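In the order they appear, the protein sequences are chains A and B.
Oh and the first sequence: position 22 is 22 in my numbering, straight run, nothing missing.
Oh and the second sequence: position 28 is 28 in my numbering, straight run, nothing missing.
No wet-lab data here; the hints were simulated from the structure.
These numbers were taken from a predicted model, which means no experiment stands behind them.
All residues carry an ideal CB built from backbone N, CA and C; glycine is no exception.
One or more hints might be untrue.
Capping the alpha-carbon separation at 27 Å, the derived lysine-lysine pairs in BS3-like fashion look like this [stated by the list, open to error]:
#1 K99/A x K42/B
#2 K7/A x K65/A
#3 K7/A x K42/B
#4 K101/B x K99/A
#5 K99/A x K71/B
#6 K101/B x K42/B
Computed list of chain B residues with no C-beta within reach of chain A, every gap over 12 Å [stated by the list, open to error]:
#7 L11
#8 S12
#9 E15
#10 G16
#11 N22
#12 S28
#13 Q45
#14 V62
#15 N67
#16 A78
#17 D84
#18 V87
#19 K101
#20 A111
#21 V112
Part of the chain A face toward chain B, derived, beta carbon under 10 Å [stated by the list, open to error]:
#22 S1
#23 I4
#24 P8
#25 S9
#26 R15
#27 N82
#28 S94
#29 Y103
#30 L113
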Amino acid sequence: SAVISQKPSRDICQRGTSLTIQCQVDSQVTMMFWYRQQPGQSLTLIATANQGSEATYESGFVIDKFPISRPNLTFSTLTVSNMSPEDSSIYLCSVGLAKNIQYFGAGTRLSVL
Amino acid sequence: GESVGLHLPTLSVQEGDNSIINCAYSNSASDYFIWYKQESGKGPQFIIDIRSNMDKRQGQRVTVLLNKTVKHLSLQIAATQPGDSAVYFCAEWGGGGATNKLIFGTGTLLAVQP
Chain A
1 SAVISQKPSR
11 DICQRGTSLT
21 IQCQVDSQVT
31 MMFWYRQQPG
41 QSLTLIATAN
51 QGSEATYESG
61 FVIDKFPISR
71 PNLTFSTLTV
81 SNMSPEDSSI
91 YLCSVGLAKN
101 IQYFGAGTRL
111 SVL
Chain B
1 GESVGLHLPT
11 LSVQEGDNSI
21 INCAYSNSAS
31 DYFIWYKQES
41 GKGPQFIIDI
51 RSNMDKRQGQ
61 RVTVLLNKTV
71 KHLSLQIAAT
81 QPGDSAVYFC
91 AEWGGGGATN
101 KLIFGTGTLL
111 AVQP
């Protein structure tokens with residue numbers, strides 16, 4: 001397994017601002033992912049964070065809204081840009097250690113007013 | 001912390017009973033099927049997985065059954081304990097063009113009554 005730290009654990013933000021979420025892993029990993037979990041719902045993959053190249057976004061998510069950085073094999077950031085109340089959600093990072101198994105951070109609980 | 005189970009199907013069981021959580025999946029080409037447990041305020045935690053060429057796999061107090069004919073997956077928890085209370089998600093991995101991606105199901109809230 002891996003120890004995954006996410007910061008911040010929660011935040012309350014104003015409409016129109018941006019928030020950057022950090023994900024730190026205690027070991028080098030190839031695969032890192034970002035998910036969104038809206039209240040009472042399942043997890044939806046936002047993008048795969050690729051080290052040394054641009055992230056791969058899923059349908060419905062775009063780089064301008066959710067820019068991602070992956071400067072090395074232990075760290076990634078997700079920015080939620082120009083926030084609206086609809087962006088209120090839990091944002092989770094995960095790492096893939098085995099091909100079919102991902103380990104998740106505790107999540108960032110975002111409320112946008 | 002907040003609840004992630006506000007709109008999810010709920011299974012209520014008595015402590016000590018066995019629990020069976022069901023999941024229907026969509027992609028018959030998926031290579032693996034995985035169960036995750038998410039407690040309130042935490043991220044999902046891996047429980048157990050099963051490869052598509054198997055129909056049963058057992059872990060500690062948990063058993064996963066896979067029925068590919070009807071695209072059905074179940075998680076059985078023996079002697080359910082209060083600490084098992086959580087939301088349980090099934091997920092599919094691999095298959096076709098969806099390699100390296102986990103596709104999560106809707107989730108089930110397991111409520112264990114003392």
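Item checked: Hint numbers not upheld by this structure, sorted from lowest to highest -> Per hint list: 13, 18, 19, 24, 26, 27, 30 violated.
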